[in-house]
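There are 2 protein chains.
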Amino acid sequence: MAAPAPNKFDPDFTPQVLDSFGPATNPRAKVVLSSLIKHIHDFAREVELTTEEWMMGVQFLNSIGQISTPKRNEGHRICDVIGLESLVDEIANKVIIDSGEVPTSTTILGPFWSPNAPWRQIGGSIIQDPHNGQVTKMHGRVVDVITQKPLKNAVVDIWQASSNGKYDFQDPEGQSDNNLRGKFRTDANGEYWFYCLKPTPYSLPTDGPAGVLLDVMDRSPWRPAHIHLMITHEDYRTVVNQIYPRNDPYLGIDSVFAVKNDLVVDFVPLQGDKHAELSMEYNIRLAPKLLRSNPMIDPAKHKI
Amino acid sequence: MAAPAPNKFDPDFTPQVLDSFGPATNPRAKVVLSSLIKHIHDFAREVELTTEEWMMGVQFLNSIGQISTPKRNEGHRICDVIGLESLVDEIANKVIIDSGEVPTSTTILGPFWSPNAPWRQIGGSIIQDPHNGQVTKMHGRVVDVITQKPLKNAVVDIWQASSNGKYDFQDPEGQSDNNLRGKFRTDANGEYWFYCLKPTPYSLPTDGPAGVLLDVMDRSPWRPAHIHLMITHEDYRTVVNQIYPRNDPYLGIDSVFAVKNDLVVDFVPLQGDKHAELSMEYNIRLAPKLLRSNPMIDPAKHKI
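Going down the list, the sequences are from chains P and Z. For the first sequence, the working numbering assigns the number 1 to the initial residue and increments by one for each residue that follows. For the second sequence, the working numbering assigns the number 305 to the initial residue and increments by one for each residue that follows.
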């Protein structure tokens, strides 16, 4: 790609726009918007954006909000498709520990988490409705990443799509509320276990701007099969992530760039359990809350 | 502003996203989208965008399309407020002539041009409806910027808001179709003259996302008073611009960054014309079509 050629166009134009902030602007808003405007101008100059291309961009921009509803957040999805949510997650949540231990990776939340998932008993099931999937006993231990001490009363909040690739509240075929959602507490040994489904891959909706963008980029709209997790503990940093079956055909081409190596897990045959045909072990390493995220981040920048 | 610190975050993430284009992507689309995605990622890293800030951005993005209608293009307006339309105009239309002559400046089209403006006779008026403005006799000559030869049959297409700051098709008080719009042809001496209004400043609509953005930036939503012009001739490059009364209080703080020095004009008292109380001379220098815009632009980049 050509490097920007600052002499080609009026060198005073972008500074004039950046100089237009009034004195009452919030300082953090000024930092964020100045950088955004500067990058948009640099982009336009770098590619020598034409009037027709800009107008296509305006139409695309308007189309994002026009298809969005309280149950469909296309702006969020567009950010996912260009990797922005994944990048924001890294910026906010990457933890580097001087002594070298590596906590469980985080990845994007996505638009389907619900604050209303029910508490369920350890050993219970999140499966309420009929399905065509493979029932799996998921189990593991939550530990302190530094001391390896098991963590009692950690909360494992899980949500997943059904075998048709739809979450409860978006399924036109109808699922009961909180089907395939649940919150579990780890026991005195830091352990949890419950029944869920081996997840099924699904495609992002392609009938809106995200589909247009993926098509222009000649990319697959499919996500690898995944189970969503949010692991919390009062003394530890929250981990939001997703785990993926090894050998999923979409692992290398996830349409939202949310796969990391330590999030790939094994589903293996299970004998002697009448409730499940597969077993999957997933252990979680949490970092103490006192460790702030990426230690090179300057907290002063984030005061609003 | 801090320079980007490439080592702070995973250096492989943006390349992974840029590597996701499939082989069937249009080459120009790949150039444009790669640059846009790279700049958005660089922006997020540079300001260490937080999850909350990103989510505010998603809501803002969705709100742009949600308020847009066939008569209200908020995406276009947001681009104007950050100077993007003005920059795209410069990229597309800046003409540099080796021998040093300077053609009349272009500036942004804005959302109120109409392809249906009526042809009117030289010496006629574009004023159809009652108003509280000052009638002005606008006159001038259209010439070749290099030879100074007057140009016969150049078309001067003019549109302006009424004295209430509204254009015909957006005025809730109702204006007749094509009030304050008209197209005129220059005569054998390259001259044109007609009656219009001394323009009135007006504010951008502040009830939508553009108003939110201007408020966050602590900026005025006002535009200086202006008359829109589109000057065309079959052998010359089209000039789209706006002209502004000298001493307008908003000249230095135009909310859409569309003022250039050679677009500021003088309205002077007119004696002996029963139709008008002011006179305003505006001469126009057109560049031959063969001169392409900014000669440093690489036309190969623009093949779609």
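Rather than coming from a laboratory, the hints here were simulated on the basis of the structure. C-beta: ideal position from N, C-alpha, C; glycine also. There's no promise every hint is true.
Stated by the list, open to error - Chain P residues, not near chain Z, derived (Cβ > 10 Å throughout):
no. : residue
1   : Thr14
2   : Gln59
3   : Glu85
4   : Glu90
5   : Ile97
6   : Ser99
7   : Pro115
8   : Pro118
9   : Lys149
10  : Asn153
11  : Tyr195
12  : Asp218
13  : Arg237
14  : Lys289
As the list claims (entries may be wrong) - Far from chain P, by Cβ distances over 12 Å, these chain Z residues were calculated:
no. : residue
15  : Ser338
16  : Glu350
17  : Ile400
18  : Asp402
19  : Pro454
20  : Asp491
21  : Val544
22  : Pro553
23  : Leu574
24  : Gln575
25  : Leu582
As the list claims (entries may be wrong) - Taking lysine-lysine and the PhoX-like style, the derived pairs with C-alpha atoms no more than 20 Å apart in a straight line are:
no. : chain 1 : residue 1 : chain 2 : residue 2
26  : P       : Lys8      : Z       : Lys312
27  : Z       : Lys564    : P       : Lys94
28  : Z       : Lys375    : P       : Lys30
29  : P       : Lys198    : P       : Lys166
30  : P       : Lys94     : P       : Lys289
31  : P       : Lys38     : Z       : Lys342
32  : P       : Lys198    : P       : Lys274
33  : Z       : Lys312    : P       : Lys260
Okay, the hints, checked on the actual structure:
{"no.": "1", "hint": "Thr14", "result": "7 Å, violated"}
{"no.": "2", "hint": "Gln59", "result": "7 Å, violated"}
{"no.": "3", "hint": "Glu85", "result": "7 Å, violated"}
{"no.": "4", "hint": "Glu90", "result": "6 Å, violated"}
{"no.": "5", "hint": "Ile97", "result": "16 Å, holds"}
{"no.": "6", "hint": "Ser99", "result": "20 Å, holds"}
{"no.": "7", "hint": "Pro115", "result": "15 Å, holds"}
{"no.": "8", "hint": "Pro118", "result": "25 Å, holds"}
{"no.": "9", "hint": "Lys149", "result": "29 Å, holds"}
{"no.": "10", "hint": "Asn153", "result": "25 Å, holds"}
{"no.": "11", "hint": "Tyr195", "result": "31 Å, holds"}
{"no.": "12", "hint": "Asp218", "result": "3 Å, violated"}
{"no.": "13", "hint": "Arg237", "result": "13 Å, holds"}
{"no.": "14", "hint": "Lys289", "result": "16 Å, holds"}
{"no.": "15", "hint": "Ser338", "result": "7 Å, violated"}
{"no.": "16", "hint": "Glu350", "result": "5 Å, violated"}
{"no.": "17", "hint": "Ile400", "result": "10 Å, violated"}
{"no.": "18", "hint": "Asp402", "result": "16 Å, holds"}
{"no.": "19", "hint": "Pro454", "result": "29 Å, holds"}
{"no.": "20", "hint": "Asp491", "result": "31 Å, holds"}
{"no.": "21", "hint": "Val544", "result": "10 Å, violated"}
{"no.": "22", "hint": "Pro553", "result": "16 Å, holds"}
{"no.": "23", "hint": "Leu574", "result": "35 Å, holds"}
{"no.": "24", "hint": "Gln575", "result": "39 Å, holds"}
{"no.": "25", "hint": "Leu582", "result": "30 Å, holds"}
{"no.": "26", "hint": "Lys8/P to Lys312/Z", "result": "32 Å, violated"}
{"no.": "27", "hint": "Lys564/Z to Lys94/P", "result": "47 Å, violated"}
{"no.": "28", "hint": "Lys375/Z to Lys30/P", "result": "31 Å, violated"}
{"no.": "29", "hint": "Lys198/P to Lys166/P", "result": "14 Å, holds"}
{"no.": "30", "hint": "Lys94/P to Lys289/P", "result": "13 Å, holds"}
{"no.": "31", "hint": "Lys38/P to Lys342/Z", "result": "13 Å, holds"}
{"no.": "32", "hint": "Lys198/P to Lys274/P", "result": "16 Å, holds"}
{"no.": "33", "hint": "Lys312/Z to Lys260/P", "result": "18 Å, holds"}
Hints 1, 2, 3, 4, 12, 15, 16, 17, 21, 26, 27, 28, counting from the list given before, are not met by this structure.
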